[in-house]
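Chains as they are written, first to last, in the numbering used here: chain A, 3 to 118; chain B, -4 to 162.
Be careful, since some hints might not be right.
[As the list claims (entries may be wrong)] Calculated lysine-lysine pairs in the DSSO-like style (CA-CA distance at most 30 Å, straight line):
no., chain 1, residue 1, chain 2, residue 2
1, B, Lys56, A, Lys105
2, B, Lys40, A, Lys110
3, A, Lys65, A, Lys39
4, A, Lys39, A, Lys50
5, B, Lys96, B, Lys35
6, B, Lys35, A, Lys110
7, B, Lys40, A, Lys112
8, B, Lys40, B, Lys96
9, B, Lys35, A, Lys105
10, A, Lys50, A, Lys80
11, A, Lys80, B, Lys35
12, A, Lys65, A, Lys50
13, A, Lys105, B, Lys96
14, A, Lys80, A, Lys39
15, A, Lys39, A, Lys53
16, A, Lys80, A, Lys65
17, A, Lys53, A, Lys65
18, B, Lys35, A, Lys112
Think of the hints as simulated: they come from the structure by calculation, not from any bench.
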Amino acid sequence: MAVDRLSLTFGALADPTRRAILARLARGGASVTEIAKPFDMSLPAVSKHLKVLERAGLVTRGKEAQWRPAALEARPLKEIDEWVERYRVIWEQRLDRLDEYLKELQVKEKRHGRKG
Amino acid sequence: MAARDNVVEMPIKELVIERVFDAPRERVFDVFTQPEHVEKWWGPKGVSNTVAEFEARPGGKIFIAERALDGATIYIAGVVREIERPSRVLYAIHFADADRKRVAPPAHSGLGDTWDDEIVTLVTFSTEGRRTRMTIRTLSGFTAEWGEKARFGWAESLDKLEHALKL
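Let the sequences and hints guide you as you build the complete structure.
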């Protein structure tokens, strides 16, 4: 279910290095060595981050023992997107009401002003 | 380090909502941050009654109860992190029970029952002639923090990402 996945996804994304790795993988699959290069990071450090991303389902790894290229998995990100869209609808409705309420206040004030 | 600083291409949609209100900035700000006003507009469509507490100061408590038409009540608790009248307010909320204790989000929220993050919302108010533009940016704690740093520049759509993946 989307449930556990969404928390896992947010958790994995909480680290700036892991977000950087994902951004790199968004440009195409890469080996651990290739990922490590621009970040000035050790290979074990990169592997550790990849494991977290893999657990969150954000990254898939190839099967070849040495090479094991990593690739971005888009589905969990899509779930966040869906949540965002749902939240947007709620906010749009709230703002409709806020707009109406502001207008009510204005009308009340005008009436009050006339009386005074 | 430069490579890291340029990481703005994350393919997650940020929730940004903008609305222009035909009212002065102070008025819109107050209606957004004063509980007696919040009670009047907070609930989305289908909500009959809302009770709100909103302490408009840094560290101030937020507690909102919304009663939906089906009788169910949803409680939201949180804290005001930053507030500057009339230009901005930053606050964090989570789902709660009637005693303000944190609970799992309701099913309809789409967040799932293991969610334990905050929903962080930054609302800014700017003057446009006699009107006021309100901008709401909201996401979970990490994205809000990240978004501030990245200047919200990663709002790439997933379609775009999928396109990139195919290349």
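Do the hints match the structure? See the list:
1. B:Lys56 x A:Lys105: holds, 28 Å
2. B:Lys40 x A:Lys110: holds, 23 Å
3. A:Lys65 x A:Lys39: Distance of about 22 Å is within 30 Å: holds.
4. A:Lys39 x A:Lys50: Roughly 15 Å between the alpha carbons, so the hint for Lys39 (chain A) and Lys50 (chain A) holds.
5. B:Lys96 x B:Lys35: holds, 24 Å
6. B:Lys35 x A:Lys110: holds, 15 Å
7. B:Lys40 x A:Lys112: holds, 28 Å
8. B:Lys40 x B:Lys96: holds, 26 Å
9. B:Lys35 x A:Lys105: holds, 12 Å
10. A:Lys50 x A:Lys80: holds, 24 Å
11. A:Lys80 x B:Lys35: violated, 34 Å
12. A:Lys65 x A:Lys50: holds, 17 Å
13. A:Lys105 x B:Lys96: violated, 36 Å
14. A:Lys80 x A:Lys39: Between Lys80 (chain A) and Lys39 (chain A) the Cα gap is close to 28 Å, so the pair holds against 30 Å.
15. A:Lys39 x A:Lys53: Cα-Cα ~18 Å, so holds.
16. A:Lys80 x A:Lys65: holds, 25 Å
17. A:Lys53 x A:Lys65: holds, 14 Å
18. B:Lys35 x A:Lys112: holds, 19 Å
When held up to the earlier numbered hints, the structure conflicts with 11 and 13 and fits the remainder.
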